[in-house]
Amino acid sequence: MSASDKIEFLQGDLTEMDTDAIVNAANNDLKLGGGVAGAIRRKGGPQIQAECDEIGTIPLGGAAITSGGKLKARHVIHAASMELGGRTSALTLRSSTAHSLRIAAQNGLKTIAFPAVGTGIAEFPVRECAEIMLRECLRHLDGETTIEKIYFVLYDPRALAEFQEVYAEVRGKGASAK
Amino acid sequence: MDRVQTIGIVGAGAKGREIARLALLGGYRVILEDMSESRLTDSTAGISAALKTAVGRGEIDARRADTVSSNLSTTHSMDEVSRGADLLIDAAPEEAELQLEIFTIFDKFAKPEAILASTSDSISIADLADITSCTERCVGLRVPEQGSQSKKLSILRGPKTDDATVQECIAFASRMGLEPCVVIESSTDAAVIERNSYRQ
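Chains R and W, in that order, are what the protein sequence lines are. With the first letter of the first sequence counted as 1, position 123 gets the number 127 in this note's numbering; the numbers rise by one all the way through. With the first letter of the second sequence counted as 1, position 54 gets the number 232 in this note's numbering; the numbers rise by one all the way through.
What the hints contain is simulated information worked out from the structure, not anything from laboratory work. Check each hint, because a few of them may be wrong.
[Stated by the list, open to error] With a cut-off of at most 25 Å between alpha-carbon atoms, the simulated SDA-like pairs for lysine to any residue come out as follows:
1) K230(W) with R207(W)
2) K286(W) with G73(R)
3) K286(W) with G65(R)
4) K289(W) with S364(W)
5) K286(W) with E58(R)
[Stated by the list, open to error] Not the full set, but computed from the structure, chain W residues with beta-carbon under 10 Å of chain R:
6) D257
7) S260
8) L278
9) K286
Glycine included, C-beta positions come from ideal geometry on N, C-alpha and C.
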């Protein structure tokens, strides 16, 4: 199976994914506020925030792993693409995506589901988000990893279409293309 | 009482601007936050025009209008508005997830004694307070729209809002020339967030 076959796109609710991990669009204080984080907090219960509080603040552009609480997913990987009250940048999105994948692999995880990190309240453009995240995924899958499947779960059908479109482009060019 | 001297308002739309105008006339310092430069510019211009009208009508004198204007500052930074205010008011567009995010930011940056107020009907005070470490200082405020005949400021009290917070809000209403009206938020009439809906 080639790297590009390991990426799949779905429209739906990320918090319903029965994967080894789902990725939270997090701030680097790991405070679960609104958006994806709020949905994870509501469905996963207070344990996830409690584990985040144990970890505390992480570097911007980094990632951290907790259990999945009451979620179907076994873990939540918190991709810190923004500071609380700040904005997601291309740099922090790229770095936090790469860190999330690395943490998943370090923990031997096989399946992971991402949202379109930063495109909600943080208002990062969907197309640029897709380009950055998909390139990082392809780059990661090109190396040695335990990850067998990466899902992108988009709530919005337009975002789903945009991700699929961008994927067709970047897959053609290869992960290292700028 | 009157510990509150600076009002921080998030969102410079019609609601935020009207709260800013009333608070300035009440003698408060106001920090108005919005991501959009044009909304901040429009709000500042709108408030200046309203003050000029008030001077023209003889409702306030020109010197007071100058003082009042100088008490308004604007910012694009959530961090700055949150750190600087004694009473923080979320007047951002109605969207439960946005309100949750704003209260999370308030909770991190606000002064230790600051009151956190929501003007939104999209989510209950109970749900907003729950994500903060200061449930007793979370409250709802319903300000009359600009031009409305109503002079009532409804103070929505959540299950854990304490008396001191309600008293500060009553004092806030009085200084703005509004009639305070304390309402207990019940679980039946509180706006309840759609549990499965979220934005990414």
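Inset, instruction - Measure nothing beyond the straight line between the CA atoms of K286(W) and E58(R); if it is 25 Å or shorter, mark the hint as holding. - result: The hint holds at about 16 Å.
Inset, instruction - For the pair we were handed, K230(W) and R207(W), check the Cα-Cα distance against 25 Å. - result: Holds, at about 19 Å.
Legend entry - Given hint G73(R) paired with K286(W) - CA-CA distance at most 25 Å: holds, 24 Å
Legend entry - Interface hint status, K286(W) versus chain R (Cβ within 10 Å): holds, 5 Å
Inset, instruction - Against chain R, run the beta carbon of S260(W) and see if the smallest gap drops under 10 Å. - result: holds, 7 Å
Inset, instruction - Mind checking the alpha carbons of K289(W) and S364(W) for me, to see if they're no more than 25 Å apart? - result: It is violated: about 28 Å lies between the C-alpha atoms, which goes past 25 Å.
Inset, instruction - Tell me if L278(W) is really an interface residue toward chain R, meaning its C-beta lies closer than 10 Å to one of theirs. - result: holds, 3 Å
Legend entry - Restraint status (C-alpha distance of K286(W) to G65(R) at most 25 Å): holds, 19 Å
Legend entry - chain R contact restraint for D257(W) - C-beta distance below 10 Å: holds, 5 Å
This entry does not satisfy hint 4, going by the numbered hints stated previously; all others are met.
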